[in-house]
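Assemble the whole structure, with the sequences as input and the hints as a guide.
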Amino acid sequence: MTDKPRLLTYLDFLTVVVLLIAIWLVFFYAPVEVMMGAVQKVFYFHVATAWVGMLGFLASAYAGIAYLRKSDLRWDVIGYAAIEISLVFFLVAIIMGSIWARPIWNTWWTWDPRLTTAAIVELIFAAYLLLRQGVDDPERRARFGAIYAIFGSISVPLTFISIRLLRTIHPVVIGNAEAAAQGGFNMDDPMKIAFFFSLAAFSVFFTDLLWHRIRLGNLREELGKLRIKAYAEED
Amino acid sequence: MKSYLNAVKAVIWKDLTAEWRTRENLTAMLVFALLTVLIFNFALELDIQAQESLSAGILWVTFVFAGTIGLNRSMASEKDRGCLDGLLLAPVDRSVIYFGKVIGNMIFMLLVELIILPIYSFLFTVPVFQPGFLLVVFLGSFGYVAVGTLLATMVIQVRTRDILLPILLFPLTLPVVIAAVKASQGFLEFLPVAEVSTWLNLLIVYDLIFIAVAFMVFDYVVEE
Numbered sequence: 357m358t359d360k361p362r363l364l365t366y367l368d369f370l371t372v373v374v375l376l377i378a379i380w381l382v383f384f385y386a387p388v389e390v391m392m393g394a395v396q397k398v399f400y401f402h403v404a405t406a407w408v409g410m411l412g413f414l415a416s417a418y419a420g421i422a423y424l425r426k427s428d429l430r431w432d433v434i435g436y437a438a439i440e441i442s443l444v445f446f447l448v449a450i451i452m453g454s455i456w457a458r459p460i461w462n463t464w465w466t467w468d469p470r471l472t473t474a475a476i477v478e479l480i481f482a483a484y485l486l487l488r489q490g491v492d493d494p495e496r497r498a499r500f501g502a503i504y505a506i507f508g509s510i511s512v513p514l515t516f517i518s519i520r521l522l523r524t525i526h527p528v529v530i531g532n533a534e535a536a537a538q539g540g541f542n543m544d545d546p547m548k549i550a551f552f553f554s555l556a557a558f559s560v561f562f563t564d565l566l567w568h569r570i571r572l573g574n575l576r577e578e579l580g581k582l583r584i585k586a587y588a589e590e591d
Numbered sequence: 002m003k004s005y006l007n008a009v010k011a012v013i014w015k016d017l018t019a020e021w022r023t024r025e026n027l028t029a030m031l032v033f034a035l036l037t038v039l040i041f042n043f044a045l046e047l048d049i050q051a052q053e054s055l056s057a058g059i060l061w062v063t064f065v066f067a068g069t070i071g072l073n074r075s076m077a078s079e080k081d082r083g084c085l086d087g088l089l090l091a092p093v094d095r096s097v098i099y100f101g102k103v104i105g106n107m108i109f110m111l112l113v114e115l116i117i118l119p120i121y122s123f124l125f126t127v128p129v130f131q132p133g134f135l136l137v138v139f140l141g142s143f144g145y146v147a148v149g150t151l152l153a154t155m156v157i158q159v160r161t162r163d164i165l166l167p168i169l170l171f172p173l174t175l176p177v178v179i180a181a182v183k184a185s186q187g188f189l190e191f192l193p194v195a196e197v198s199t200w201l202n203l204l205i206v207y208d209l210i211f212i213a214v215a216f217m218v219f220d221y222v223v224e225e
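For the record, the sequence lines run as chains A and B.
Heads up: the first sequence begins at 357 in our numbering, then just goes up one per residue.
Heads up: the second sequence begins at 2 in our numbering, then just goes up one per residue.
Don't take every hint at face value.
Cut-off 20 angstroms, straight-line C-alpha distance, at most; resulting in silico cross-link-like pairs (EDC-like, lysine to aspartate or glutamate) [unchecked claim]:
#1 B/K80 to A/D428
#2 A/K397 to A/E495
#3 A/K581 to A/E389
#4 A/K426 to A/E577
#5 B/K80 to B/D163
#6 A/K426 to B/D81
#7 A/K581 to A/D468
#8 B/K80 to B/E224
#9 A/K426 to B/E225
#10 B/K10 to B/D86
#11 A/K426 to B/D163
#12 B/K80 to B/D220
#13 A/K581 to A/E478
#14 B/K80 to A/D493
#15 B/K3 to B/D81
Cβ-to-Cβ under 8 angstroms is the rule here; a few derived chain B residues that face chain A [to be verified]:
#16 G58
#17 V62
#18 F66
#19 I157
#20 L173
#21 L175
Simulated from the structure, these hints should not be mistaken for lab results.
C-beta: ideal position from N, C-alpha, C; glycine also.
Okay, here's the thing in C-alpha cells:
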C-alpha cells in the first residue's frame, strides 16, 4: 500500500505524453475554423473537461450505490475522490465555455440547459463537500455522502430535461444540431482527430488523478488509524 | 398493511399534537411567507408588467423559503428533545417514520399555502382558485417536502445543520421548482392544457422517483 505502484508511474508518464500530443494536435494540426477563428480551439478542451466532469459525477453515484450495498469504506474514498476531481474539471469546462461564448453568443453566460445543468452540478458538488465536512464519524459521513451523490445523479438529468423544455441555444456538434443553436459547425477530419484525441487524453488524465486521489484517501485513513494506535500506546 | 398505516397515522398525529401545543413552527413559516409575498409586491409595485410575468416565480420562492424553515424546525425538534431515538426504538419499519414525517410536513406546508394563496391572489390580482393551479401547488409542494424531509433528517445529524439544509436542498429540487413555476404560470395565463401538461408530467415523474428513492435510502439515514 505504501509504495507507489509501478503501473501508476507509467500512467503518469502516459498522461503527460498524451496531453502534450493533444495540445499539439489542437494548436498545430487541426485547422482554424473559418467562421469563429482561433477561439474555436477552446472547444476541444472544453468538451473534454466537461466529459471528464460528467464521468466523475457518474462514478461517484455508482460508488454511492456500491457503498450503501457493501458498507465498504473503500467505495467512499472512490466517490469522494471522483467528486473532488470533477469539481475542478467542471469548473474549467464552464470557464472555457464562457471564454468561447463571449465572442460567439455575445454574452459570458446564458441560462441554457447545458449551462444551467453544469452550474447545478457544481452547486451539488460543493454542497456534497460541505455536507461531508460537517460529519465527524467516518461511517456516517460515507453514508450521507453516498445518499447525496445518488440524489444528485437523479436530479441532474431532470434539471437538464426541464430546462431543455424551456429553450436552448447551445450548439450540438456531435449528432443533430437544433435549429435555434448558435455557433455550430461541421468538423473536418483533422478536427475530429484532435477532438477525439483530446477526449481520450483527458480520460487518461482523469484516471491518473483519480488513482492518485484514491491512494491519498487510503493513506489518510491509514494515518488516522496509526495516530489512534499511537495515542493508545502512550496512555 | 393496516398496522403500517396505523403507525404512519400515529407519527402524523404526534407531529400535529406537538405543533398544536406550541404552534411555533407554523407561525414562523406563515409570518415568513407573508413577509416574502409582501416584500415582493412592494418592490414590484410600480412595474405592473414585471408583476404579471413574475408572479408565479414569486409564489414558489415564497413556498420554498417558508418550506425550508418548516423542514428544519420539524426535524430539529425531534433531535433536540431526543424524540428521534424514541421513534427509532419503536418496533415498526423505519419508513413509517419517513412517511409520517412527510405527510406531517406536507400538512403544515398546505396549511401555510392555504392562508398565503388568497393573500397572494389579492395582492397580485391573479386567479389562483382553479383546480389545475391547486393541483400544481400540491404536486410541487409534495416533491419539495419529500426530498426536504429526507435531507432534513440527514442535516440534523451534521454539525453545521442550520445553514446546510437550503444548500443541499435547493440544487436538488430545482427541477420541481422550474416545473411548478412554469405550470402555475401556464394556468394563470389560461394556456391550453396541452401546453401545461408537459410540466405536470414532469412534476409527477419527479415526485414518484424521489419518493421511491427516499423510501429505499431512509434506513441508511437514521442508522446508528
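>> Restraint: B/I157 near chain A, CB-CB cut 8 angstroms. Satisfied or not?
In response: 11 angstroms, violated
> Regarding the pair A/K426 and A/E577, is the alpha-carbon distance no greater than 20 angstroms?
Replying inline: 18 angstroms, holds
> Has the given pair, B/K80 with A/D493, been kept, meaning a C-alpha gap of at most 20 angstroms?
Replying inline: With a Cα-Cα distance of about 17 angstroms, the restraint between B/K80 and A/D493 holds, given a limit of 20 angstroms.
> Are the Cα atoms of B/K80 and B/D220 separated by 20 angstroms or less?
Replying inline: Satisfied, since the Cα-Cα distance of roughly 17 angstroms is no more than 20 angstroms.
> Are B/K80 and B/D163 close enough, with their CA atoms no more than 20 angstroms apart?
Replying inline: 13 angstroms, holds
>> Please verify whether B/K3 and B/D81 have alpha carbons no more than 20 angstroms apart.
In response: Violated. B/K3 to B/D81 sits at ~31 angstroms, over the 20 angstroms cutoff.
> For the pair supplied as a hint, A/K426 and B/D81, is the alpha-carbon distance within the 20 angstroms limit?
Replying inline: Not satisfied, since the Cα-Cα distance of roughly 31 angstroms exceeds 20 angstroms.
> Would the stated hint for B/F66 survive a check requiring a Cβ distance to chain A of less than 8 angstroms?
Replying inline: 17 angstroms, violated
> Would the pair A/K581 and A/E478 pass a check requiring their Cα atoms to be no farther apart than 20 angstroms?
Replying inline: Since the Cα atoms of A/K581 and A/E478 sit roughly 32 angstroms apart, the hinted pair is violated (cutoff 20 angstroms).
> With 8 angstroms as the cut and Cβ atoms as the points, is B/V62 at the interface with chain A?
Replying inline: It is violated, given that the least Cβ distance between B/V62 and chain A is near 16 angstroms, above 8 angstroms.
>> A closest beta-carbon separation below 8 angstroms is what the hint needs, so does B/L175 meet it against chain A?
In response: 5 angstroms, holds
>> Given the hinted pair A/K581 and A/E389, is their Cα-Cα distance within 20 angstroms?
In response: This hinted pair is violated, its Cα atoms lying about 56 angstroms apart.
In this structure, the earlier hints numbered 1, 2, 3, 6, 7, 11, 13, 15, 16, 17, 18, 19 are contradicted, and the remaining ones agree with it.
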